[in-house]
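Chain order of the listed sequences is A and B.
For the first sequence, our numbering gives the first residue as 1, with consecutive numbering after it.
For the second sequence, our numbering gives the first residue as 1001, with consecutive numbering after it.
Just so you know, these hints were derived from the structure itself, not from any lab.
There could be a bad hint or two in this list.
As the list claims (entries may be wrong) - Footprint (simulated), chain A over chain B, 3 or more residues, beta carbon under 8 Å: (1) 1032-1038; (2) 1051-1064; (3) 1141-1152.
To be verified - Not the full set, but computed from the structure, chain B residues with beta-carbon under 8 Å of chain A: (4) Ala1010; (5) Thr1043; (6) Ile1070; (7) Asp1072; (8) Phe1076; (9) Gly1098; (10) Gln1101; (11) Leu1155.
The structure presented is a predicted model; accordingly, all values stated were derived computationally and were not measured.
Think of the CB as a built atom: it goes at the ideal place given N, C-alpha and C, for glycine as much as any other residue.
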Amino acid sequence: MSVAKFANHLYGTPLSTAIRETSWIIPGVQSIHIIAIAGVVGAAIVMDLRLAGVLATDEAPRAVAKRHLPWMWSSLALLLASGFVLGLGEPYRVLMNPVFWAKMALVLTGFVLTLLFRYPILHPDYRIEHTRAAALVKPLAWASLAIWVAVVFCGRWIAYYQ
Amino acid sequence: MMPDTVPPNALMQTLYDSTIGTTIRESATLFPWIESVHVLMITAVVGTIAIVDLRLIGVASHRRGARQLIVDMLPFTWVAFVLALISGTLLFLSNATGYYQSMPFRFKLLTILIAGINMAIFHMTAYRKIGDWDDRLPTPRAAKIAGFSSLTLWLVIVFLGRWIGYSYPLA
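Model the full assembly from the supplied sequences, consistent with the hints where possible.
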């Protein structure tokens, strides 16, 4: 089944129709979606800038990750759930849009970077200088922050690039 | 819904006709770029202020002391807020007469004002005595109220902002 066919099928389902036709659902869920990415950006600013050596450098990376990584995971879950509702309501707007797929690729990359380079920090014996690919920690911190910024830009551009 | 209570406003018309307003309105890409910057700055404001607000409510953060956490986060909040304000002003100029009539827009500005007053009250009261409760959890009642009010107000601001685009006269 092609993406267009799938979008068409989804568009016709009662749930999709209900989301579209209830006036407050899409703006409401979009607001929740923005709050979710705000949670991601907030956690990313602290964790990434700590690893980049800019913020709270006198705190151990583990102390920073321990407090902010759970918020990153919860925000990502809320981002995904609210995004899913929006996609369900307007499948054509997203599934047929290259900006949406670019955004998905960026979110996936951001998620994998967080999993590979933030999650291990929680280990009690974690030391930045002894970690695998230690030289990559700083540039990847900046890359991670740039990815979440790009995700926000893509999110807004989905509405304009048709 | 067509509000008939709002008279035509000469100042708003002047802003609408201004060079900046006209340039943004007539460009195919300026508005979405500025809007993207605006949304990014709002995520940075809300994301960083939420970290401080949650600490005031009593959620532990990467700093043991509340004062040091505030010192860590507020520069980001302020820079992002100023950039949100500048980008927001540019978006407003592109359709000043329309935004002027928009009720969610008016309520958004009002809510930002209330959030500012809430912050000022916090700084004049609980923050003055932060030495007494800096690294203590749970936090004093005044700090909890300030944090909870701020977080609520900023979440409302996001909703109102999104609603501007979905209501008359801009929908």
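Checked hints:
no. : hint      : in the structure
1   : 1032-1038 : holds (count 3)
2   : 1051-1064 : holds (count 5)
3   : 1141-1152 : violated (count 0)
4   : Ala1010   : violated (31 Å)
5   : Thr1043   : holds (4 Å)
6   : Ile1070   : violated (13 Å)
7   : Asp1072   : holds (6 Å)
8   : Phe1076   : holds (6 Å)
9   : Gly1098   : violated (17 Å)
10  : Gln1101   : violated (18 Å)
11  : Leu1155   : holds (6 Å)
Figure legend: structure checked against the earlier numbered hints; hints not met, in rising order: 3, 4, 6, 9 and 10.
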